[in-house]
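Chemist: Here's the letter readout for the chains.
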Amino acid sequence: MNLEVKIGNMIMKNPVTTASGTFGYGREYTEFVDLNLLGAVTVKGISLEPREGNPPPRIYETPCGMINSIGLQNVGLKNFIDEKLPYLKGFDTRIIVNILGNTIDEYCELSSALDGKVDAIELNVSCPNVKKGGVFFSSHNEMLRTLIKEVRATIKRSTLIVKLSPASADIVIQARICEEVGIEAVSMINTIPAMAIDIHTRRPRLSNITGGLSGPAIRPIGVRMVWETHRAINIPIIAMGGIVTAEDAIEYILAGATAIAIGTANFVNPTVTLDIIEGIRKYMLIHDVDDINSLIGGLIC
Amino acid sequence: MNLEVKIGNMIMKNPVTTASGTFGYGREYTEFVDLNLLGAVTVKGISLEPREGNPPPRIYETPCGMINSIGLQNVGLKNFIDEKLPYLKGFDTRIIVNILGNTIDEYCELSSALDGKVDAIELNVSCPNVKKGGVFFSSHNEMLRTLIKEVRATIKRSTLIVKLSPASADIVIQARICEEVGIEAVSMINTIPAMAIDIHTRRPRLSNITGGLSGPAIRPIGVRMVWETHRAINIPIIAMGGIVTAEDAIEYILAGATAIAIGTANFVNPTVTLDIIEGIRKYMLIHDVDDINSLIGGLIC
Amino acid sequence: MEVIDNREITDRVFILRLRLTESVLKPEPGQFYLLRPDTGYDPLLGRPFSAFRWNSDWIEFLIRKTGRGTALLSKFRPGDHIRLLGPLGRTFPSPSPHKTPVLLAGGIGMASVYSLLLNRKGDYIFIYGAKSAPELLLTEDIKPLVRELYLCTDDGSMGFQGNVIEFFKKFVKEAPSHSIVVYACGPREMTEPLMKLLRTYNIEGYISLEERMACGLGACMGCAKHTKRGMKRVCMEGPVFNIEEL
Amino acid sequence: MEVIDNREITDRVFILRLRLTESVLKPEPGQFYLLRPDTGYDPLLGRPFSAFRWNSDWIEFLIRKTGRGTALLSKFRPGDHIRLLGPLGRTFPSPSPHKTPVLLAGGIGMASVYSLLLNRKGDYIFIYGAKSAPELLLTEDIKPLVRELYLCTDDGSMGFQGNVIEFFKKFVKEAPSHSIVVYACGPREMTEPLMKLLRTYNIEGYISLEERMACGLGACMGCAKHTKRGMKRVCMEGPVFNIEEL
Ligand SMILES: Cc1cc2nc3c(=O)[nH]c(=O)nc-3n(C[C@H](O)[C@H](O)[C@H](O)COP(=O)(O)OP(=O)(O)OC[C@H]3O[C@@H](n4cnc5c(N)ncnc54)[C@H](O)[C@@H]3O)c2cc1C
Ligand SMILES: Cc1cc2nc3c(=O)[nH]c(=O)nc-3n(C[C@H](O)[C@H](O)[C@H](O)COP(=O)(O)OP(=O)(O)OC[C@H]3O[C@@H](n4cnc5c(N)ncnc54)[C@H](O)[C@@H]3O)c2cc1C
Ligand SMILES: Cc1cc2nc3c(=O)[nH]c(=O)nc-3n(C[C@H](O)[C@H](O)[C@H](O)COP(=O)(O)O)c2cc1C
Ligand SMILES: Cc1cc2nc3c(=O)[nH]c(=O)nc-3n(C[C@H](O)[C@H](O)[C@H](O)COP(=O)(O)O)c2cc1C
Ligand code: FES
Ligand code: FES
Chain A
590 MNLEVKIGNM
600 IMKNPVTTAS
610 GTFGYGREYT
620 EFVDLNLLGA
630 VTVKGISLEP
640 REGNPPPRIY
650 ETPCGMINSI
660 GLQNVGLKNF
670 IDEKLPYLKG
680 FDTRIIVNIL
690 GNTIDEYCEL
700 SSALDGKVDA
710 IELNVSCPNV
720 KKGGVFFSSH
730 NEMLRTLIKE
740 VRATIKRSTL
750 IVKLSPASAD
760 IVIQARICEE
770 VGIEAVSMIN
780 TIPAMAIDIH
790 TRRPRLSNIT
800 GGLSGPAIRP
810 IGVRMVWETH
820 RAINIPIIAM
830 GGIVTAEDAI
840 EYILAGATAI
850 AIGTANFVNP
860 TVTLDIIEGI
870 RKYMLIHDVD
880 DINSLIGGLI
890 C
Chain B
590 MNLEVKIGNM
600 IMKNPVTTAS
610 GTFGYGREYT
620 EFVDLNLLGA
630 VTVKGISLEP
640 REGNPPPRIY
650 ETPCGMINSI
660 GLQNVGLKNF
670 IDEKLPYLKG
680 FDTRIIVNIL
690 GNTIDEYCEL
700 SSALDGKVDA
710 IELNVSCPNV
720 KKGGVFFSSH
730 NEMLRTLIKE
740 VRATIKRSTL
750 IVKLSPASAD
760 IVIQARICEE
770 VGIEAVSMIN
780 TIPAMAIDIH
790 TRRPRLSNIT
800 GGLSGPAIRP
810 IGVRMVWETH
820 RAINIPIIAM
830 GGIVTAEDAI
840 EYILAGATAI
850 AIGTANFVNP
860 TVTLDIIEGI
870 RKYMLIHDVD
880 DINSLIGGLI
890 C
Chain C
96 MEVIDNREIT
106 DRVFILRLRL
116 TESVLKPEPG
126 QFYLLRPDTG
136 YDPLLGRPFS
146 AFRWNSDWIE
156 FLIRKTGRGT
166 ALLSKFRPGD
176 HIRLLGPLGR
186 TFPSPSPHKT
196 PVLLAGGIGM
206 ASVYSLLLNR
216 KGDYIFIYGA
226 KSAPELLLTE
236 DIKPLVRELY
246 LCTDDGSMGF
256 QGNVIEFFKK
266 FVKEAPSHSI
276 VVYACGPREM
286 TEPLMKLLRT
296 YNIEGYISLE
306 ERMACGLGAC
316 MGCAKHTKRG
326 MKRVCMEGPV
336 FNIEEL
Chain D
96 MEVIDNREIT
106 DRVFILRLRL
116 TESVLKPEPG
126 QFYLLRPDTG
136 YDPLLGRPFS
146 AFRWNSDWIE
156 FLIRKTGRGT
166 ALLSKFRPGD
176 HIRLLGPLGR
186 TFPSPSPHKT
196 PVLLAGGIGM
206 ASVYSLLLNR
216 KGDYIFIYGA
226 KSAPELLLTE
236 DIKPLVRELY
246 LCTDDGSMGF
256 QGNVIEFFKK
266 FVKEAPSHSI
276 VVYACGPREM
286 TEPLMKLLRT
296 YNIEGYISLE
306 ERMACGLGAC
316 MGCAKHTKRG
326 MKRVCMEGPV
336 FNIEEL
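Residue numbers (the working numbering), protein chains in the order written: chain A, 590 to 890; chain B, 590 to 890; chain C, 96 to 341; chain D, 96 to 341.
The hints are simulated quantities; they were obtained by calculation from the structure and are not laboratory data.
For every residue, glycine included, the Cβ atom is placed at its ideal position computed from N, Cα and C.
Misleading hints may appear alongside valid ones.
[Said to hold, decoys possible] Calculated pairs, DSSO-like style, for lysine-lysine (alpha carbon to alpha carbon, straight line, at most 27 Å):
(1) C:216 to B:667
(2) D:226 to B:871
(3) A:602 to A:745
(4) C:216 to C:160
(5) B:667 to C:320
(6) D:238 to D:226
(7) C:264 to B:667
(8) D:170 to C:160
(9) D:320 to D:291
(10) B:871 to D:291
(11) D:216 to D:264
(12) A:871 to C:160
(13) C:216 to C:170
(14) A:667 to D:320
(15) A:667 to D:216
(16) C:265 to C:291
(17) D:264 to C:170
(18) D:194 to A:667
(19) D:121 to D:216
(20) D:320 to C:170
(21) A:871 to C:320
[Unchecked claim] Simulated coverage check for chain B against chain C, where a stretch passes if three residues somewhere in it have a Cβ under 8 Å from a Cβ of chain C:
(22) 602 to 614
(23) 693 to 706
(24) 764 to 778
(25) 807 to 816
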């Protein structure tokens, strides 16, 4: 049975990775998950300098989901390379690093510093929780094109992935731009801008007022976007948004995903990544599927 | 205690109405709900001719939500006026009629036929489940402007509401266009395009492949959109999307809604509309709020 | 409504008994209720179940675990509360005295036709099929109520080997078709061919159909079924349809 | 984990006892677990609760119903299963023999300091406050374990009238500050002024803080708390903080 998939030059032993920001730097979950078994580990978004993130409260639970406004708290590029990366390199898995800059130059500095050191770089052009964050790029198609073109030019060895926002003007058009510019893969969906209010204090539940919605609640939206995007482009899609079970993962694969990432579900069940890999195997066995690649975009309609 | 709110020329005795398509033509719920107690009844979308809608299956449950692709099955304008409207007129409540056309002419024909006969007309420019439906308008700002301008001109007496789509390019910009053109109010949010797949048959769960997501799952998205829109326009907003309790309703009002509509929750609890009116009263009592209008947009941030 | 009893009768089927208060109307055979386990908004919608057995104090549902909603319902215990909406939909018409009523039940479809048996007098023939013997439920309870009981199993582990439709084909060849009236409930794989069969033999028949539901009240148009006379709502114009309409 | 017992001790507070299997580590006082009622995805996240009492076979949580998650947990019954993640976070350090340990508990914060009392030897002074007398829980259980027990109620219905902080202000004026060490847990309205107070009097102190959590493992950065040394995660660097860090 073959579970191996290919994202650009990166070969993953199975299609399961973690969604950026929900799995720390990998180490946090090693008590529960043998990282060697994952297709890839995607780490928390990294910026040039360390960031403190937004003031608390930063998370709030909503029906079948949660909103977060972490605001990209992270150790910064240097600490990441010096302290976090060596540990991760000790595992037989792929490393995907999510990056976020304020300017095109910052993105380029990040990508060229990481090029070759990690298997893939995921451009976060869509973080809803940082003022000068990528949102700007994701809401202007031509700005996005310029950004990813320049970043593309800085990368020689690692695979380049652009993470798209469900709040962007048109996610399919943006995916097409990625393909045109020569990006190897897109990942989707990032969280959906959302908010909640405490009616007794009349204040927002998050200090940042709005945050990003994730979790099972958004899965039907993510599946639809992946399906629409898959029909429009030929580069692989790493899909995420509300995956909790192997069924959910397969749903995304049938919709057109080559790999899938688990986010919020790690909080619900810390071994969920392994459970899903196991569940995918079982499904393939029952349905007599030899190669996971034959399921990609396999929706019959 | 004042619960009365004003949407254009329409005075509602309380801010609670029903979301189009979830309350039939009103009659279906009279066993559970005394329609006289509602601020308004909003009926299923009406088209010029009767429509059969999409083939089944048309609904599917998702985490804290459901997707539907009813496809605007309805009795058509003539039957509505002859058979459904007289019954509704027997109640002391406002009547809002949701309309959907394939062309600008159809919209205009519908609106002029209903003008004066009903308290308000809600233009559905965003139904995700009809091929030639309003989606086209909601994804092109200038087309939208032309449509609503022309419809605006056909209406002399009823209040005109435009129902906006969360899937539109930018809901805030579209709300501004509505205000510019002289529309009295906007309603939001319609369902979010979504899909689900049966992984065992590999077929979509709905015959129409995609449908619209509604229910508690989408509430945090709706609240955010209402808040953003409220800050951008001065005309009233009728808010909907996942309201199940009075707390949810008040959350939307604090975010900027003048009235709120209950959709999917009617399926969960058929007396929910009355429970919410009661709950709003209690909240106002506890928090010493004399006039519901003082809560509108009352978020402190 | 308060749960009075919840009993497994096989590892996949349970009988849920709820207290009937005065506010809830008693059903007619073939009608159904929407049941919603009230723990949160997931699952969100009520699930439709046929009224199975009832008296003035309680009502029972015969439920097969298939997904998350039914799994949750199986865990309810005496003292818990479940939201109940109904009775909903149309009932089976009473059998005319001139025709022999033949009940056809496939799997858990038994619940609905069984309620007819219990509540409307008649000289019944009952044809009941399931995958295998252990899934043929309550046959000892059915026996004393019917003139003839025919059991069918796909694997032949009890009674006729084959499904209800195969058995019924044999059966109608022997019985004069105009003297019987059919009441049926079962999975789509049974009801679809049955409709054709009844039409071919010109037999009067009433079939209870299933469709996903949201409101149960005819408001959402979610449970539509294509019929000769256009789209019909299973929750209002059904679940029992005269095959002439279909 | 399997529920062994679930007992209401007031109409708003219950004690949930779960079986401890070998796979679950025993906690240290001050540590907590994330508990998730496993019915669906709503509620979605685990809820943090301090380890209250435990032995080798079971662990208990003292839980106050505040919202939907705790309401659900209160309904679990023997035989049900609950997902348990933990023990998590840092423990209260053991009291030094040279200082009198003073425990300060506000409301349900009692759960966490009580575990210290049970598990670490010391000549404790316990100051315990709540809104009114019925909310002062298990005081008879506390008495034999401490040298002195002071009760405070906002409404004066038992003990000192006023909150824990007001009482403590009086208390420190009489006690020489360098000879005590404070362990505290309670609502923000108590812990915030307490921090200031301890700093003013230069008293050694450890406070257990609360923040909303998602992962509990230091991965999501959701439970951040601003400290002197930047953002700290309550689930990892806390919940017990030395007030010097704060
Ligand atoms: C009128 C009517 C009477 C019924 N009577 C009985 C009965 O007496 N006993 C019994 O065991 N079952 C009966 N069913 C089937 C029962 O409704 C489904 O098995 C049940 O809804 C499955 O819910 P779930 O959450 O376990 O499954 P899931 O598959 O998780 O449900 C997902 C969604 O699909 C819907 N759904 C799934 N299967 C069906 C189905 N067959 N029909 C309609 N909706 C479905 C659910 O209601 C839910 O909204 C009846 C169905 C109808 C329409
Ligand atoms: C380290 C720690 C130990 C705790 N120990 C106990 C204990 O022993 N006994 C006890 O009764 N309570 C304790 N709490 C508080 C308890 O976690 C909350 O009361 C509980 O999460 C409320 O959940 P809910 O679903 O009922 O409330 P809701 O208000 O519906 O919850 C909504 C969301 O907010 C979070 N939340 C709400 N209140 C708090 C809070 N005070 N702290 C953190 N998150 C919160 C919930 O976890 C959930 O994610 C502790 C909290 C922390 C952080
Ligand atoms: C707490 C939290 C932090 C996140 N941080 C990041 C981040 O740093 N960079 C990024 O691209 N996405 C981030 N995301 C988005 C996730 O990677 C993912 O796209 C989204 O949560 C949808 O997947 P899910 O529903 O499985 O969680 C974060 C999500 C959560 C919940
Ligand atoms: C079954 C169903 C049918 C609907 N039909 C219509 C419709 O005809 N016209 C319309 O404008 N919106 C329609 N809607 C959208 C609702 O009016 C509402 O905007 C949406 O469901 C969000 O609210 P909710 O989460 O409270 O359901 C429909 C929604 C549902 C669930
Ligand atoms: S379930 Fe809503 S119309 Fe039948
Ligand atoms: S709860 Fe995730 S870092 Fe603390």
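Chemist: Each of the hints needs a verdict: does it hold here or not?
Modeler: Going through the hints against the structure:
Straight-line distance between C-alpha atoms of residue 216 of chain C and residue 667 of chain B comes to about 46 Å, which puts the hinted pair past the 27 Å bound. Restraint check for residue 226 of chain D and residue 871 of chain B: the C-alpha separation of about 24 Å stays at or below 27 Å, so the hint holds. A threshold of 27 Å between alpha carbons decides the hint, and for residue 602 of chain A with residue 745 of chain A the separation of about 23 Å falls inside it, so the pair holds. A hinted pair counts as satisfied when its Cα atoms are at most 27 Å apart, and residue 216 of chain C with residue 160 of chain C does not qualify at roughly 31 Å.
Pair hint residue 667 of chain B plus residue 320 of chain C holds up; C-alpha atoms about 24 Å apart against a cutoff of 27 Å. For the proposed pair residue 238 of chain D and residue 226 of chain D, the alpha carbon gap of about 20 Å is at most 27 Å, so the pair holds. Note on residue 264 of chain C and residue 667 of chain B: the hinted pairing is violated, with a Cα-Cα distance of about 47 Å set against a maximum of 27 Å. The suggested pairing of residue 170 of chain D with residue 160 of chain C holds, with an alpha-carbon distance near 23 Å, which does not exceed 27 Å.
Proposed proximity of residue 320 of chain D and residue 291 of chain D is supported: the alpha carbons are some 16 Å apart, at most 27 Å. As the CA atoms of residue 871 of chain B and residue 291 of chain D are separated by approximately 38 Å, the hinted pair breaks the 27 Å bound. For the hint pairing residue 216 of chain D with residue 264 of chain D, the CA-to-CA distance comes to about 26 Å; that is within 27 Å, so the pair holds. Of the supplied pair hints, the one linking residue 871 of chain A and residue 160 of chain C holds, its CA atoms being roughly 21 Å apart against a limit of 27 Å.
Proximity of residue 216 of chain C to residue 170 of chain C is assessed by CA-CA distance (about 35 Å); at most 27 Å being required, the pair is judged violated. Pair hint residue 667 of chain A plus residue 320 of chain D holds up; C-alpha atoms about 24 Å apart against a cutoff of 27 Å. Between residue 667 of chain A and residue 216 of chain D the alpha-carbon distance is near 45 Å, which puts this suggested pair outside the 27 Å criterion. With a C-alpha separation of about 15 Å, the suggested pairing of residue 265 of chain C with residue 291 of chain C holds against the 27 Å cut-off.
Annotation: proposed proximity of residue 264 of chain D to residue 170 of chain C is violated, straight-line Cα distance about 52 Å (limit 27 Å). A C-alpha spacing of about 44 Å is found between residue 194 of chain D and residue 667 of chain A, which places the hinted pair above 27 Å, so the restraint is violated. Using a Cα cut-off of 27 Å, the hinted pair residue 121 of chain D and residue 216 of chain D holds, with the two alpha carbons roughly 18 Å apart. Under the criterion of a C-alpha separation no larger than 27 Å, the hint pairing residue 320 of chain D with residue 170 of chain C is inconsistent with the structure, at around 40 Å.
For the suggested pair residue 871 of chain A and residue 320 of chain C, the alpha carbons sit about 35 Å apart, so the restraint of at most 27 Å is broken. Chain C is given as covering the segment 602 to 614 of chain B, and this holds because 4 residues of the stretch bring a CB closer than 8 Å to a CB of that chain, at least three being needed. Remark: the segment 693 to 706 of chain B is not confirmed as covered by chain C, as 0 of its residues place a Cβ nearer than 8 Å to a Cβ of that chain, below the required three. Counting residues of the segment 764 to 778 of chain B whose CB lies closer than 8 Å to any CB of chain C gives 0, so the stated coverage by that chain is violated, three being the minimum.
With 0 residues carrying a beta carbon less than 8 Å from a beta carbon of chain C, the segment 807 to 816 of chain B misses the three-residue requirement, and the given coverage is violated.
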